[in-house]
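Peer 1: Here is what each chain is made of, one letter per residue.
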Amino acid sequence: MAETLRSILARRLVIVTGKGGTGKTSVVAALALAAARSGLRVLVAEVGRDEHVPRLIAPGTKPVGYAGRALRPGLTVMRIDPFEALAEYLGLQLGVRAVVDLVFRNRAFRQLMEASPGWRELITLGKIWHLEQMTTPDGDPLHQLLVVDAPATGHGLTFLDVPRVAGSAVRAGPLRKHAGWVEAMLGDPERTLLLPVALAEELPARETAELALRVRRDLGVPVDRVVVNCLVGAPFPPGLDDLDERVARLPAAATFPGLPPPGVLAACGAHLRARHELGRHWAAQIARMTGLPLVPLPYLANGIRGPDDLAQIATPLLAAPEAVAA
Amino acid sequence: MKGIDGPSALVRGRRIVVCVGAGGVGKTTLAAALALGAARAGRRAIVLTIDPARRLADALGVGALGNQPREIPREILTRLGVPSGGSLSALMLDMKRTFDDLVERFAESAEARDRILQNRIYQNVSDALAGSAEYSAMEKVFELAESGDFDRLIVDTPPSQHALDFLEAPQRLLEFLDSSIVQLLLHPAFAAGRFGFRLFQRPARRVLQVIERVSGVSFLEDVSEFLMAFEGMSEGFRQRARRVNALLLGRETGFVLAAGPASESVAHAEAFLARLQTSRVPLAGVVLNRARVWPGEGPAPAAVPDVGKEAEAVRALAAALAPNAEGDGETAARAAIHAASEYASLVRRDEEATRVLRGASRALGCFWRRVPELPRDIHDLDGLARVADALFAEANAGDADD
Ligand SMILES: Nc1ncnc2c1ncn2[C@@H]1O[C@H](COP(=O)(O)OP(=O)(O)OP(=O)(O)O)[C@@H](O)[C@H]1O
Ligand SMILES: Nc1ncnc2c1ncn2[C@@H]1O[C@H](COP(=O)(O)OP(=O)(O)OP(=O)(O)O)[C@@H](O)[C@H]1O
Ligand SMILES: [Mg+2]
Ligand SMILES: [Mg+2]
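As they're listed, the protein sequences go chains A and B. Per numbering that gives the first Met the number 0, the very first residue in the first sequence carries number 0; after that it's consecutive. Per numbering that gives the first Met the number 0, the very first residue in the second sequence carries number 0; after that it's consecutive.
No false leads were slipped in.
Derived coverage of chain B by chain A (criterion: at least 3 residues anywhere in the stretch with Cβ under 8 Å from a Cβ of chain A; other residues may be distant):
1) 290-298
2) 305-312
3) 343-350
4) 373-384
Simulated from the structure, these hints should not be mistaken for lab results. Quantities reported herein were computed from a predicted structural model and do not represent experimental measurements. For each residue, glycine too, the CB sits at the ideal point set by N, CA and C.
In isolation and in its complexed conformation, chain A is listed as follows:
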C-alpha cells in the first residue's frame, strides 16, 4: 500500500475499540485533547457504566453526565446513558417528553428494559448519529470530531453489528429507516474510522486480528490502522543491542562508585530488553495477522494520569502509521 493514510483527524467520527484494559480510554482522551488543541470542535462520547475520560482531561472534575460539559475550549465530554438516550428518542417520537419521563421512573418498566437485548446498542449509535448530524447556525458540523470510547471488543462487535441486525430483522417503521442511516454513517470511509487499540501480547493480538477480519468481512466499517499501545522502548541505543550481556561478562565482584554490582545492572537491562523484544514480536504478529499498518505508542512508566501524559502519546498517535513489516 503506497498511498499515505489520511490523518485520523480528517474523519468526523472515530470509534475507539479493543480488548479490555488495552488503553482505549487513554487513546480517546489523547486524541480528543490533541484535536481540540489543533483548533477543532471536539465531542467525546463515553459508552459504559462509568465516566473515565473527564478525570484524564481535567483531573478532579465533576461527572459530566448525559448533557455533557466543556472541559476545555473546544472539548466537550458526555456519557451516553442508553436510558436517557431512549427517553430522548421516544420523547421526540411521541412529542411529549413528560409522559416518557413518568414511565421511565416506573420500576417494572426499567426492569423490562434491562432484560431486553439490543436496544442499548442501537439507541446509543442512534444518538451518535444524531450528534454527528448536528450543525451550527451556518450549517457547518457542530462537532468537527466525534470520538467514541466504545465497549471492549467482544461487546464492541455486537455494538457495531446491531444496526445491520436491526435493519434486517425489523419489518417496517421509523426504526428501520433510522437503522439504515446509522449503518450508512458507520460504513462511510469519508466520515468514519474504527480505531482498534491492542497490546503487543498474545490474547489482545489475536482478538485484534479477529476484530479486523470480522469488521472487514461482516460489518464494512472502515479500519485502516491498529494502535499498539504500551510498547517498551529499546533499552539501549542502536549498535549496543546486547549491552546487558557485555555488562554481565564483567567480573561479578567488580564494584563501581554509586552503582549496583554488574550482575544487577545487567539484569535490569536484560529484563527491559526481553520485554521490548516480546513487544516487537507481537506487534509484528498484529501487523501480519491484520495486514494493517501500526501506530506504536510507548509504555509510560507512570501510566496515564492526566493531560501531560496524554500529550506524550498524542504525538505518536497522530504520526503516520508504520507500514506493514515485510
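Model the placement of chain B with the ligands on the given structure of chain A, informed by the hints.
Peer 2: Chain B with the ligands in isolation, oriented as in the chain A frame:
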C-alpha cells in the same frame, strides 16, 4: 481467613479456589499456577479456564474447545514435580454450552426446551439475564464438585470491571426470576398478545406501544414467550442457583484477588477489597502479579547511580566495559546506567503498589503474595511452573517487608 496464611494452605484447606480481578492482570495464569501447586501438594486438581491464550491452552491440552476435562500426561507432571497421588487436569469453560445443558436438564419437555433455545431473547441471554455467563461458569463448578472426580477445583473468571459481578451472579439470577416484572410477564394473558398492555398503567402502555411501533418488533412478546418457557424450569433452576450460591460462599471455597501493579489496577483492587468487607465472600488472599522486582538485595535504590556519583560512575564503568578506551566505552556505560535507572523507577513504582495492597490485605486478615513479572509471557507448563514457584515460595510471605 482463619488458618489460610498462603497459597499452600489455601490449596490444602479449600476444595474450591476462585480467581477474580480486572482484565489482563493474570487471573488465567494464576488459576493455572494454583492448580499446579495443588497437584504438587498431592491433590487431584482441575483448573477451569476461560479464554486462555492459545499456546497456554495447547500446553494444558485444552486447545480444542470441549467443555470436558483433559488430564495432563503423567510424564509431564512428574517433570513438573507432581507426586504420584496428585494430578492436574484442565477444562476450557464454554459458557454458552453450559447454559444450554442446563436448559436441557430443567426444561419440562422437549418442546419447551426448543422454544427456549430458539427464542431470540435466549440467544441474547448473556445480556438478557445479567450475569448468566458468570452463572453458568459457577454451574460447571458445581457439577464438577458434585462429580467427585477432583478434590481441588481452581476457577478462572472472565474479566470484569466490577469484580463482584461474578460473585453476585447466582443471586442476581434469583432476583431476576423473582422480580415483579418477570412475574407480571409470566401472566398468561400477557403472552396472549397486546391485551398484556393492560397490565401496565396507561402511560407505560403508550410508551410500550410507541416502542413497538417505531421498532416494528414485538419484543415484548419475545420476552414474555421466553419467560413463559422458562417458568416450567424455573423451580429446578432456582433450587440449583441457591445451592450454587451456598457452595460459592461456603466454607469450602476461598477467593483470590489478582491485581496488577498499574495504579488503576491497584485502585480497582482496593475498591474491590473495600466492598468485600461488607460482603460474605470468603476472601483468602490477594496476589500482586507482574510486579517488577529489584534484581539485587533489598528494595530498589532511590537513584541509579547514587546522587552525586554520576560522573564517577560513568567513568569507572566505561573503563571496565572498554578497557582499551576503544571509543564506545562511555556511550555504553551511560546506556547501561540509564537502563538500570529506568528499571529502578519501575520497580519503585511497583513497590509502592506492593505497600498499598499489602496494607489493604492485612487489614482484612487475608494473605498476600507477590509474583514477579517474568521476562517472557507464560505460554507453556514450564512458564507456569515458574509462576507457581514464585507464588508458593515460603519467603514470599515476608516479601518487601521493610
Ligand atoms: N501508553 C501507556 N503507558 C503506560 N500505561 C498506560 C498506557 N496506556 C494506558 N495505560 C494504563 O493502562 C491502564 C488501562 O488504560 P485505559 O483505562 O485507557 O484502558 P481501557 O482500554 O479504556 O480499559 P477498559 O477496557 O477497562 O475501559 C490504565 O491504568 C492506564 O493508565
Ligand atoms: N508473572 C507474569 N510474568 C510475565 N507475564 C505474565 C505474568 N502473569 C501473566 N503474564 C502474561 O500476561 C498476559 C495476561 O495474563 P492472563 O491471560 O493470565 O490475564 P487474565 O487476567 O486472565 O486476562 P483476561 O482478563 O483477559 O482474562 C498473558 O500474556 C500472560 O502470559
Ligand atoms: Mg476504558
Ligand atoms: Mg483470562
